[in-house]
Amino acid sequence: MNSPSRRGSAVAGLALRTPYYVLTGGLAAIFLFPLVWAGLRSVSPQAGTAQVHGWGFGNYDTLTHYQAGIWQYVLNSAIVSVLTVIFTVATSLLGGYAFARFTFPGRNALFMLTLAILMVPYATLLIPLYVLLNRIGLDDSLLGLALVLTMFQLPFATFMMRISFEAIPIELEEAALVDGCGSFKALLWVLIPGVRPGLITVALFAFLAAWNDFITPLVLISDSNKLPLPVAIANLRAQVMGIIDYGATEAGVVVLALPCIVLFVLLQRQYVRGFMSGALKG
Amino acid sequence: MSIQAPTAPPAAPAASRLTKDGPRRRWQRALRRRRGLAGYAYAAPTAAFVAVFFVVPLVLVAQMSVSDWGLFAGDKGVNAPDNFTAAVDQRLFWPAVRFTVKYTVVTTVILIAMALLLALLVQESTRWTGFLRTAILVPSALGLASASLLFYALYSPDSGPFGAAAQKVGLTDQPVSFLGTPNHALWSTVALIVWRYAGFYMLLLLVALQGISADVYEAAELDGAGRWQRFGRITLPLIRPTLALCTILCVTGSLLAFDQFYILTKGGPDNSTLTIVQLIYNAAFQGGNDLGVAAALSIIVLAALLLINAGQFRWLRGKES
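Protein sequence lines, in the order shown, are assigned to chains L and E.
Numbering follows the working numbering, with no gaps: position 120 of the first sequence is 359.
Numbering follows the working numbering, with no gaps: position 243 of the second sequence is 284.
Rather than coming from a laboratory, the hints here were simulated on the basis of the structure.
One or more of the hints may lead you astray.
Beyond 10 Å from chain L on every Cβ pair, some chain E residues (computed) [said to hold, decoys possible]:
1. Ala114
2. Lys117
3. Ile177
4. Ser197
5. Thr222
6. His225
7. Asp256
8. Val257
9. Glu262
10. Arg271
11. Pro310
12. Ser313
13. Gly328
14. Ala336
Between beta-carbon pairs, the in silico distance windows are [said to hold, decoys possible]:
15. E/Gly273 to L/Ala254: 27 to 33 Å
16. L/Gly421 to E/Leu279: 43 to 49 Å
17. L/Ile409 to E/Thr167: 46 to 52 Å
Selected chain E positions facing chain L (Cβ under 7 Å, derived; list incomplete) [claimed, not checked]:
18. Ala154
19. Leu190
20. Ala194
All of these numbers come straight from a predicted model, not from anything done at the bench.
Every residue gets a Cβ at the ideal spot worked out from N, C-alpha and C, and that includes glycine.
Kindly produce the complete structure, drawing on both the sequences and the hints.
Structure, rendered in structure tokens:
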């Protein structure tokens, strides 16, 4: 490493690789630019917005005064996301356990039917779901929205939890059963710690899907005070006599994107893991 | 992790204490049945979700597609096959199909090529490529609607950076229009989709690339294979299953495109970027107010998607054998 010839070749290597660094550095800049731009633009002075002179949070102030106020929409989105995460985690935990560890008539049929949800377009299901939720009194309800979003999450979540349970050695569970645990106690005390990475992945993907979904609330929610954030921000664009407040839109994008980016940075490994098992699915 | 002390007498030793074969087998059968019942209990929430929110809606959409079903009027009885003829006879049906297919082909080709290029560029594991992967992957954390709103601002002649920059440099004295003509709108949307999804497909392809053993490349190098030969004869064939999966995912996603066009163009200019899912939404809620026609369109889309995916799977399997 310290010999002069080695250092010489390292310098030559660097010179050869300079185009590579320029090219890839440029690519990284292209991918990061829109995010950085939106963040800066939301606080920079801009004509036709609430932040005309100097830097500041005028655009965010606009958001707090928009219709029901941004906090109402953040709350709606948070409620829907938390409910979806709870339903998805609970259902897929029990379902994954059943598919991985129990044999019962109809098991494979139910598993295939769950995966078949992936084959059906959202739009095809949303038209009848709009009618169905009306009939069972869940129209215009955040609970109804969360239940539908959970159903859309089930193929990935159930698949993920099934392979997570199957990866745990069966002896571990048998030992617990011999020790007198029922299957539920075995699940609670022995198996959940083992499938925790899978559970985190399922929860992360359910949260992101529920937080970001656009067409489902667009179809199912008509009360403007119950809209989740993406639809509210999209509606906000054309509020003031058709003139678009870009500053408020950019601030809205920041509010929408920030939780996702923070989660992504914190849980990058889970993220990648989720993609990998997505790849296995094919 | 602690296991709770048994509350009931241990089951297994109790069974082994039995000397006769009959009761023991009966006990085992009972246990297996109990396991079966427990399995049902654990699968019950999944079954309930699938039944209520998937199977019932599928049956309902089939019924709606053959019924006179207004958005406000509700079910007015069977009228088959009026909804299907009305759906196909719409002025915008074939233009929407054509545009959706065109968009799907353009997006799939560009996105997969771009993702493969990126995967090849960040293949090695160094700190720099780690940073690159993260940078390229961050946009996939955003929702498609958020990304579309972001690009809506980015593309705007008033707020976006491109118009001002081009005017300053003197390239043009007119504001640059990213969404004003059908072609601009298409390519601007494709750019948004590439930005949002390239990292996702890059990651899938990266896994496939890293699954190829170094020995194979070494052997090829010893045999005198050049860089391009190695890529064409080794890399591509070995990652073909993943390439096929990426293609299927991308084709399916693009055929069902909605958010990006709803937010960026609303189907405009002059309905030139209207996709088939937007047509369903419009038939049901925007002016059409006819859930029957929307249901018929949904059934057509479902059938087309199943056919296309069956075709893709067959093509994939045929190539493998």
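Now the hints, each set against the structure:
1. Ala114: With a cut-off of 10 Å, E/Ala114 remains clear of chain L, as the shortest Cβ separation is near 12 Å.
2. Lys117: holds, 13 Å
3. Ile177: violated, 5 Å
4. Ser197: violated, 6 Å
5. Thr222: At roughly 19 Å from the nearest Cβ of chain L, E/Thr222 sits farther out than 10 Å, so the non-interface label holds.
6. His225: Answer for E/His225: holds, closest chain L Cβ roughly 18 Å.
7. Asp256: Given a closest Cβ separation of 23 Å, the condition holds.
8. Val257: Answer for E/Val257: holds, closest chain L Cβ roughly 21 Å.
9. Glu262: holds, 19 Å
10. Arg271: holds, 18 Å
11. Pro310: Nearest chain L Cβ is 16 Å from E/Pro310, so the label holds.
12. Ser313: Nearest chain L Cβ is 20 Å from E/Ser313, so the label holds.
13. Gly328: holds, 15 Å
14. Ala336: Violated, because the least Cβ-Cβ distance between E/Ala336 and chain L comes to about 5 Å, which does not exceed 10 Å.
15. E/Gly273 to L/Ala254: 27 to 33 Å: Given range 27 to 33 Å: holds, Cβ gap about 29 Å.
16. L/Gly421 to E/Leu279: 43 to 49 Å: holds, 47 Å
17. L/Ile409 to E/Thr167: 46 to 52 Å: Check failed, 40 Å falls outside 46 to 52 Å.
18. Ala154: violated, 14 Å
19. Leu190: At about 5 Å, which falls below the 7 Å cut-off, the nearest Cβ of chain L leaves the hint on E/Leu190 intact, so it holds.
20. Ala194: holds, 5 Å
Figure legend: structure checked against the earlier numbered hints; hints not met, in rising order: 3, 4, 14, 17, 18.
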